[in-house]
Structures are given as structure tokens and as C-alpha cells.
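Colleague: As a plain string of letters, each chain reads:
Number of protein chains: 2
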Amino acid sequence: MSESNSVLIGRKPVMNYVLACITLFHGGAKEVNIKARGRAISRAVDVVEIVRRRFLPDVNVQEINIGTEQLKAEGSNASSNISTIEITLTR
Amino acid sequence: MSESNSVLIGRKPVMNYVLACITLFHGGAKEVNIKARGRAISRAVDVVEIVRRRFLPDVNVQEINIGTEQLKAEGSNASSNISTIEITLTR
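Chains as they are written, first to last, in this note's numbering: chain A, 1 to 91; chain B, 1 to 91.
If you're looking for bench data, these hints aren't it; they were derived computationally from the structure. Treat the hints loosely; a few may be bogus.
Heads up, simulated DSSO-like pairs for lysine-lysine below, C-alpha to C-alpha not over 27 Å straight-line [said to hold, decoys possible]:
1) Lys35(A) - Lys35(B)
2) Lys12(A) - Lys30(A)
3) Lys72(B) - Lys12(B)
4) Lys12(A) - Lys72(A)
5) Lys30(B) - Lys12(B)
6) Lys30(B) - Lys12(A)
7) Lys35(A) - Lys12(B)
8) Lys12(A) - Lys35(A)
9) Lys72(A) - Lys30(A)
Computed, partial: chain B to chain A, Cβ under 7 Å [claimed, not checked]:
10) Val45
11) Ile64
12) Thr68
For clarity, every value in this text was computed on a predicted model and none was experimentally measured. In this text, a Cβ means the ideal position worked out from N, Cα and C, and glycines have one as well.
I would like the entire structure built from these sequences, with the hints used as guidance.
Modeller: Pasting the structure below:
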């Protein structure tokens, strides 16, 4: 699977990411990975639900993985943990 | 599985829910369900990650499901959709 089929969820409005997913599927993608960290995790779930319930009913959630990443603050040795989610959609 | 092994994630500090999960497992539960809606979804993932990485390394994520619930505002016919997550932990 090429990495170009990933959508990284940030702070933009949910519909921006919904559109990104739909564009990938309409471009022929069979699989799209939705990734998010921290507070954006809820938005990632919103994106998936809107894509499959409102726009592309033939898209399925194949896999959901959660994890933890260590973030290092610049110029310091302190690191903090942030939760991550990765949702794989297939058509 | 009895419903008493569910932890519903709300707006309290993350550690409150972490403690609730640990208490259930220490009380003999083999399975604990973590549920959250809307903005609390990110917090649910934080709870799971803290439980299994910091406190109970023998706990595994067995299943993650996401979905949508319809909420009806009181005294109105309008309804809005809210995303949900349910994470099943087993020991």
C-alpha cells in the first residue's frame, strides 16, 4: 500500500478530511488510512463515520489500531506521551 | 459479560477512569468495556494506553468499534449525530 493513501487528521474542519478521503476513493484507492494523534482522535472517528454513512456506504472499517508516541519537546530532554489512532478503510 | 464491567468516559480527569479500569481488573474482571462519545473519544484512547502501558501490561485490546448515535435535543425534533467508540480490554 502506498503511503499516499494516508489522511492525517489535524485541526481543520472535519469536512476537509472527509473530502480528502472521498477524493482518494474516487481516484481508485482500495484502501485509505486515517491517522490522528491526541485531541484529533475524536475528529478522526467523525471523519470515518461521515464518509461511510453519508457518502460512501460501500466503505468498511477494516482495522482500528491505537498506540502511544513519545514526543520530545525541542531544546529539552523531557518527553511526553501522546495517544494515536490509525483507522484503515477499505472499499 | 455483565454490564457492570463498563467504564463510560466523561469529562473527569483521565486518571479517574484509569483507576476505575484497574479496580475492575483487580476485582477479577476478565473483560472491561470502555465507552465514549464525541470529544471524550480521545480521552478513552488515553485511558486504554495508560492502563496497559503503565499499570497492567498483561491487558490487551481485544476489539475496537466505532459508530454513530443520534441525539435528540429536548423539546425539539432536530437530531444530531455523535460519534462513539467502544474498546474491549481483556486480561
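Colleague: Decide, hint by hint, whether the structure agrees.
Modeller: How the hints compare with the structure:
Between lysine 35(A) and lysine 35(B) the alpha-carbon distance is near 20 Å, which keeps this suggested pair within the 27 Å criterion. Between lysine 12(A) and lysine 30(A) the CA atoms are separated by roughly 25 Å; this keeps the pair inside 27 Å, and the hint holds. Between lysine 72(B) and lysine 12(B) the alpha-carbon distance is near 24 Å, which keeps this suggested pair within the 27 Å criterion. Only pairs whose Cα atoms come within 27 Å are accepted, and lysine 12(A) paired with lysine 72(A) is accepted, the gap being roughly 24 Å.
Simply put, lysine 30(B) and lysine 12(B) have alpha-carbon atoms about 25 Å apart, close enough for the 27 Å limit, and the pair holds. A C-alpha spacing of about 40 Å is found between lysine 30(B) and lysine 12(A), which places the hinted pair above 27 Å, so the restraint is violated. For the given pair, lysine 35(A) sits about 26 Å from lysine 12(B) by alpha-carbon distance, which is consistent with the 27 Å threshold. For the hint linking lysine 12(A) to lysine 35(A), the alpha-carbon distance of about 14 Å falls within 27 Å, and the restraint holds.
This hinted pair does not check out: lysine 72(A) and lysine 30(A) have alpha carbons roughly 35 Å apart, beyond 27 Å. A least Cβ separation of about 4 Å between valine 45(B) and chain A falls short of the 7 Å threshold, and the interface hint therefore holds. Interface hint status for isoleucine 64(B): upheld, as the beta-carbon distance to the closest one in chain A is roughly 4 Å, under 7 Å. Hint status for threonine 68(B): holds, given a least beta-carbon distance of 5 Å to chain A, under 7 Å.
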